[in-house]
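Produce the complete structure using the sequences and hints provided.
Sequence order for the protein chains is L and A. Note that the working numbering numbers the first sequence so that position 376 is 426, with each residue one more than the last. Note that the working numbering numbers the second sequence so that position 74 is 124, with each residue one more than the last.
Treat the hints as calculated values from the structure; they're not laboratory data. As the structure is a computational prediction, the values presented were derived from the model and not from experiment. There are no misleading hints in this set.
No distinction is drawn between identical chains; accordingly, a pair holds when it is met within one copy or between any pair of copies.
Within a straight-line C-alpha distance of at most 20 Å, the following computed DMTMM-like cross-link-like pairs (lysine to aspartate or glutamate) qualify:
id: 1; residue 1: 484; residue 2: 151
id: 2; residue 1: 426; residue 2: 103
id: 3; residue 1: 82; residue 2: 103
id: 4; residue 1: 426; residue 2: 449
id: 5; residue 1: 426; residue 2: 460
Protein chains: 2
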Amino acid sequence: MYEIGIFNAKILTMDKDFSIINNGTILIKNGKIDKIVKSDLDLENFLVEKKIDATGKLIMPGLINVHTHSAMTIFRGFADDIALQEWLHKYIFPNEAKFIDKENVRLGTTLAVAEMLLSGTTTYNDMYFFVNEAAEVTQKMGMRALLSEGIIDYPTPCSANPELGIKNTEELLQQWQNNQLIKIAISAHSPYSCSSDLLKKVKKFSDKNNIKLHIHLAETRWEFDEIMRLYSQTPTEYLHHLGILDENMIAAHSVHLTDSDIDLFAKYKVGVAHNPECNMKLASGVAPIPKLLSRGVKVGIGTDGVASNNNLDLFQDVRSAAFLHKLSNSNPLVTNAKEMVYMATMGGASVLGFEKEIGSIEVGKNADLIIIDLMKPHLIPIYDIYSQIVFSMTGNDVETSIINGKIVMENRIIPNFSFTDLWLQMNELSQRIKKSEFINRYNF
Amino acid sequence: MYEIGIFNAKILTMDKDFSIINNGTILIKNGKIDKIVKSDLDLENFLVEKKIDATGKLIMPGLINVHTHSAMTIFRGFADDIALQEWLHKYIFPNEAKFIDKENVRLGTTLAVAEMLLSGTTTYNDMYFFVNEAAEVTQKMGMRALLSEGIIDYPTPCSANPELGIKNTEELLQQWQNNQLIKIAISAHSPYSCSSDLLKKVKKFSDKNNIKLHIHLAETRWEFDEIMRLYSQTPTEYLHHLGILDENMIAAHSVHLTDSDIDLFAKYKVGVAHNPECNMKLASGVAPIPKLLSRGVKVGIGTDGVASNNNLDLFQDVRSAAFLHKLSNSNPLVTNAKEMVYMATMGGASVLGFEKEIGSIEVGKNADLIIIDLMKPHLIPIYDIYSQIVFSMTGNDVETSIINGKIVMENRIIPNFSFTDLWLQMNELSQRIKKSEFINRYNF
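Set out below in C-alpha cells:
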C-alpha cells in the first residue's frame with residue numbers, strides 16, 4: 051500500500067543530472083519516495099491511499115531555509131528603516147528580553163511554520179530561544195527542522211549564562227534523538243558576541259556529538275573591523291585559529307570574506323547560509339556567492355528572521371539572490387536560474403548535512419516535495435522552468451506541501467490549524483508590544 | 051444611488067497628510083470617490099448597489115506601473131541569464147520581428163492586463179507596437195493606461211519607418227480622445243536608437259498635442275559611453291541640448307546620471323520611471339533614486355517588460371527598490387517604506403501627469419483602489435502598514451481591484467475572462483516560438 055501517489059506530474063527532480071520528467075508518477079511509502087515512473091502510469095494497478103492528479107502542475111523538492119529565527123515573526127516589521135546597531139540595541143534586544151518566553155516562542159514559531167508550509171519551505175534551520183517549545187510546535191505541524199539555542203556571552207531570555215545554553219543543548223539532543231523531523235545543532239551566536247573560550251567549548255560539543263555548529267559570521271563591516279581591531283585577523287581567520295572551521299560549521303551571512311577566507315571555507319568544507327534580503331535590507335553588503343560556488347563551497351539560502359526580511363517566503367529570497375549577484379558583479383551571466391534553484395534545494399540540504407535524505411526527488415529519499423499550480427497568468431508561457439521558479443513564482447504559487455510523506459498543506463489549507471485562533475493570540479501580543487516602553491512608532 | 055460602498059475599511063489614503071483611517075466608509079459614484087466617512091457608518095441609510103464589507107482588510111490606492119512593454123508577456127523567461135546585447139540582438143529583436151503582430155499583441159496584452167489586475171496595478175504606462183490593439187484589450191478589461199508606440203530609426207513590427215510611427219500616434223490620439231481609461235503618449239525609444247532629427251520631431255509632436263513623451267534614458271553604461279563618444283555629452287545633456295527635457299518627459303531607467311544630469315531633471319521637472327528589478331537582472335546599474343527624491347524629482351516604479359523581470363507584480367518591484375537603495379548606499383536609512391509606497395501610487399501618478407485624477411483615495415478622484423486581505427500568516431502582526439506593504443506583501447494578497455468605479459477583479463477572479471482560453475492560445479504560440487530558428491534553449 052502506497053500512502054500517496056502523484057500522477058500526470060511534471061517533475062523537477064534536482065537529481066545529479068538535473069532530470070526533468072515530463073509526465074511521471076511518484077509513489078510514496080513509509081514517508082519515502084518509493085518509486086518514480088518516468089511515464090504516464092495507470093495508478094489503477096497500484097494500491098494507493100491518496101491519489102493526487104498533478105495535471106498542469108509542477109512537482110519539485112521542498113525548499114530548504116538554511117537560516118532563520120522563526121519566533122521573531124512576533125516582531126514582523128515593528129522597527130524598520132533603522133540603522134543596525136540602533137535596531138538591535140534599542141528595539142530587538144530589549145523587546146526580546148521582555149517578550150520572548152516559552153509561550154511566545156510557541157506562538158511565533160506556529161506563525162512561522164504556518165507561513166513556511168504555505169510558501170513551499172519543507173525544512174528550516176533555526177537559531178533562537180526555548181528550542182524545546184519550537185521543536186514541539188514544528189514536529190506537531192509536521193515540518194522538518196534543524197534547531198539550536200542561540201548561545202552568547204550574555205544572559206538570554208532562556209539561559210542566564212552560556213553554560214546553561216550548552217546544558218540545554220545537551221538535553222535537547224537527548225530529548226529529540228531519533229526523531230524523524232527534528233534534529234538538534236549547537237549555536238554560537240557570533241565571533242563578536244561569544245568569547246574565544248565559549249567558541250572553543252561550543253566546537254568541542256559539536257565534535258563530541260558530531261552535530262552542526264550554527265554561527266553568524268562576517269555579517270557586517272563593523273564586525274569585520276572589530277575582530278580585526280581585537281585580534282588582527284579577519285572573523286574567518288579568527289575562527290580558524292580557534293579551530294572552529296570544519297564541515298559541521300554553518301556560517302550564516304558570510305558577507306565580508308577575503309579571498310583567503312574563501313580559501314579557508316573551501317579547504318575546511320564550511321557550509322554557507324546566504325541571506326540576500328536581510329543583507330540588502332540592513333545594508334550589510336553582498337556575500338561573494340559566485341566566488342564561493344566556483345570554489346565548490348556548499349551554499350544554501352535563508353530568509354533570516356522576519357524582523358529583517360519581512361517574510362519567510364524563500365522563493366522571494368531566491369529571486370533576490372539572483373538579482374543581487376548579477377547587479378553587484380555588473381554581469382548578468384555570473385549566476386543562472388538553475389544554480390539558484392539548486393542552492394534552495396540540494397545546496398541547502400548539503401549545508402545542513404541532510405543531502406542524503408532530502409533536497410531532490412529521488413528514490414529512497416524522504417518525500418519532502420511541493421506541488422505548484424502552473425495555470426496562472428503570471429506563470430505562462432513557460433520556456434525554462436528554472437527561470438519561471440526563480441523570476442516569476444512566489445511561495446503563494448505552492449498549492450500543496452508534503453513532508454516526510456505527509457500532506458502538511460493542501461490547496462492552501464493547513465490541516466487542523468486555526469488561523470483565527472493564531473491571529474487572536476498574535477493580535478493580543480502585538481498590542482502589548484506596541485504599548486512597550488521601548489516603542490513609540492506604529493501606525494496601525 | 052452609489053455604485054459601490056466599502057465599509058468597515060482600514061483606509062490608507064496616500065493623501066498629502068498620509069492619513070490613515072482606521073474604520074471608514076468609501077462611497078463611489080460615477081466612477082469617482084464621492085464620499086469618505088472617517089467613522090463606522092451604517093450603510094443602511096444610503097442607496098448602494100454593491101456593498102463590500104472590508105472587515106480585516108486594507109483599502110489603498112491601486113498601484114501605478116510607470117514603465118512596461120506589456121505584450122512581451124509572450125516572451126516571459128524565454129532567454130534569461132544572457133548578456134544584454136546578445137539578449138537584444140539574438141533573442142528579442144529577431145523574435146519580435148517574427149512574432150509581434152496584431153493578434154499576438156492582443157494576446158500578450160490580455161495576459162499582461164490579467165496579471166496586473168490580479169496583482170493590484172490599476173494603471174500602466176506602456177511603450178510597444180500595435181497600440182490600438184493593446185488599447186482595445188485594456189479598455190475592454192477595464193484597466194487604465196497611458197499607451198504609446200515605440201518609435202525608433204529602424205523598421206518595427208508595426209511601422210516601416212519612424213514617420214509612420216508618428217502618423218500612427220496621431221491617429222491613436224484621435225481614436226482615443228476623451229476616453230476615460232486610455233490616454234495616448236508619444237515615445238522615442240532611446241537616445242541611441244533614434245536620430246537627433248527624430249528626437250526633435252517627437253518632441254515637437256509632444257509639444258503640439260501637450261502629451262507625455264516616453265523614452266528610455268541612460269539605462270546602461272554602454273549607452274552612457276556611446277552617447278559620450280558620439281556627442282561628448284551625457285545622454286541627459288544630449289537630450290537637453292536637443293530641447294527635449296520638460297515636464298512631459300518620462301525617462302525610463304535613468305540609471306547613469308551625473309549630478310549635473312540630476313540638476314537638469316530637477317530644473318526641467320522630468321519624471322523618472324524607476325525599474326529596479328530589470329536594472330538588477332540585466333546588471334545595468336542602480337538609479338540614484340534617493341538623490342532624485344531629495345531634489346524633488348517625480349519618481350514612479352515600473353516593472354519593465356516581463357522578458358526582463360519576469361512578472362508584472364509591482365509589489366515585488368517596490369520591495370526590490372527598497373532593498374536596492376539601502377544596499378547600494380550602504381545605508382538602511384536612505385529610503386523608507388512610506389516613500390516607497392508613495393512612489394508606487396502618488397509618485398507614479400505625478401510621473402504620468404495623472405496626479406489630479408488617481409494615486410490617492412480622496413474625494414473627487416477616480417475610484418482606482420485595491421482591497422487587501424490582511425488575515426494571512428505572512429501579514430500578521432502589523433505594527434507599520436507601510437512596512438507591511440513594502441516588505442511582506444505581494445500582489446497575490448490583493449483580493450479585489452476597482453478601476454474607475456468598476457470591479458475589475460473580485461476575490462481573485464476577473465469577471466468575463468477565461469484563463470483556459472488564454473492559456474490554450476498562449477501555449478500554441480509559445481510552442482511556435484520554441485520551434486523558432488532563433489531559439490534552441492528550453493526545458494519545459
